[in-house]
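Assemble the complex: chain L is given as a structure, and chain U must be docked to it using the hints.
Residue numbers (our numbering), protein chains in the order written: chain L, 1 to 137; chain U, 1 to 69.
Be aware that one or more of the hints could be misleading.
Claimed, not checked - Cut-off 20 Å, straight-line C-alpha distance, at most; resulting in silico cross-link-like pairs (EDC-like, lysine to aspartate or glutamate): (1) L/K95 to U/D27; (2) L/K95 to L/E62; (3) L/K95 to L/E111; (4) L/K95 to L/D120; (5) L/K95 to U/E24; (6) L/K46 to L/E62.
To be verified - Quick list of the computed label-pair ranges, beta carbon to beta carbon: (7) L/R15 to U/P39: 39 to 49 Å; (8) L/A77 to U/R42: 15 to 25 Å; (9) U/R2 to L/R15: 52 to 62 Å.
Unchecked claim - Heads up, incomplete: computed chain L residues facing chain U, CB under 7 Å, no partners named: (10) P64; (11) D87; (12) A91; (13) K95; (14) L121.
Everything labelled a hint here was simulated from the structure, so no lab data went into it.
The C-beta atom is built at its ideal place from N, Cα and C for all residues, glycine as well.
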Amino acid sequence: MADSLRQGDVAVDVRALRGEVLLIDFWASWCAPCAQSFAYLNALHKEFGERGLTIVGISVDERPDDARRFLARYPAAFRTAIDPRGDCPRAFDVKAMPSSYLVSRDGRIIEVHRGFRSSDLAARRQAIERALAGPPQ
Amino acid sequence: MRWRSLAMLSLLGVTGCAHVPAWERGDLARPGMELEPHPVQRAGQEHVYSSREAGSAGAAGQGGGCGCY
Numbered sequence: 001m002a003d004s005l006r007q008g009d010v011a012v013d014v015r016a017l018r019g020e021v022l023l024i025d026f027w028a029s030w031c032a033p034c035a036q037s038f039a040y041l042n043a044l045h046k047e048f049g050e051r052g053l054t055i056v057g058i059s060v061d062e063r064p065d066d067a068r069r070f071l072a073r074y075p076a077a078f079r080t081a082i083d084p085r086g087d088c089p090r091a092f093d094v095k096a097m098p099s100s101y102l103v104s105r106d107g108r109i110i111e112v113h114r115g116f117r118s119s120d121l122a123a124r125r126q127a128i129e130r131a132l133a134g135p136p137q
Numbered sequence: 001m002r003w004r005s006l007a008m009l010s011l012l013g014v015t016g017c018a019h020v021p022a023w024e025r026g027d028l029a030r031p032g033m034e035l036e037p038h039p040v041q042r043a044g045q046e047h048v049y050s051s052r053e054a055g056s057a058g059a060a061g062q063g064g065g066c067g068c069y
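So here's chain U without its partners, still in its complex pose:
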């Protein structure tokens, strides 16, 4: 049990979160590091998708996960 607790604590310590100083964010500022690297293309695709699939609520599907609208 003790070893399991230690292992859990160790895993918490290696979650990969780290403070990056303001002057070391050059690589993080690259376009390829964005969550959405192609925002214009994505906006166009979403527009087309929501236009074509508007009858089924497009990308704004509602419901409890059962697939019914």
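Excised from the complex, chain L in its bound form:
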């Protein structure tokens, strides 16, 4: 669970999103590839959002203002949250930045992707399509 970066929301509880395909992405303002990945995540959100893909971008910035400045520069169309204490990345055992976890509709992590490389984008897109084609919960 991480605090939301958007006003009005208090927290993002991924358990409440069970039944949807989740892409949980860990990012930080100091991570250059994260900035690159935001355009890709926005495109995924636009393409697959209505088909049941929910993207949650969790900032691991220790200073929330850094994350807010980053979002002002690289706007996110998807849901964003912040975890300055690092509880979420610790629970997910994040090894690199950025890291993304694809979660199936039944709540299983079906793909872990570390880093951001354009050569991996096609395979990642296929994994998302396979997850979306899975049986609804």
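Here is chain U on its own, set in the frame of chain L:
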């Protein structure tokens, strides 16, 4: 002797090396934390220095430390 060994082992334990998790590297990622914080300036200085001191091998001095070329 035993105390000396213990002291040596203790010193090894406080060498300051620690694993930093991937999500806690924000401060380490700051430009000021780089070994060379001003790479462009340094490259320019090295270029000028090697141009002026090329006759004495510039920054690529060779030899066994005796100062002779």
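Do the hints match the structure? See the list:
Restraint check for L/K95 and U/D27: satisfied, since their Cα atoms lie roughly 17 Å apart, inside the 20 Å limit. Of the supplied pair hints, the one linking L/K95 and L/E62 holds, its CA atoms being roughly 17 Å apart against a limit of 20 Å. As the CA atoms of L/K95 and L/E111 are separated by approximately 14 Å, the hinted pair is consistent with the 20 Å bound. Among the hinted pairs, L/K95 with L/D120 is consistent with the structure: their alpha-carbon atoms are about 18 Å apart, no more than 20 Å.
The straight-line distance between the Cα atoms of L/K95 and U/E24 is roughly 11 Å, inside the 20 Å bound, and the hint therefore holds. The suggested pairing of L/K46 with L/E62 is violated, with an alpha-carbon distance near 29 Å, which exceeds 20 Å. Range check, L/R15 to U/P39: about 46 Å between beta-carbon atoms, so the 39 to 49 Å window is met. Distance hint check: the CB atoms of L/A77 and U/R42 are about 41 Å apart, inconsistent with the given range 15 to 25 Å.
Taking the beta carbon of each, U/R2 and L/R15 are about 55 Å apart, inside 52 to 62 Å as hinted. Because the beta carbon of L/P64 sits about 12 Å from the nearest beta carbon in chain U, more than 7 Å, this interface hint is broken. Residue-level restraint check for L/D87 is violated (minimum Cβ-Cβ distance to chain U is 10 Å; threshold 7 Å). At a threshold of 7 Å, the smallest CB-CB gap from L/A91 to chain U is about 11 Å, leaving the interface hint violated.
Because the smallest distance between the Cβ of L/K95 and any Cβ of chain U comes to about 6 Å, under 7 Å, the interface hint for this residue holds. The interface hint given for L/L121 is broken, as the beta carbon of that residue sits about 21 Å from the closest beta carbon of chain U, more than 7 Å.
Comparing the model with each numbered hint stated earlier shows that hints 6, 8, 10, 11, 12, 14 do not hold.
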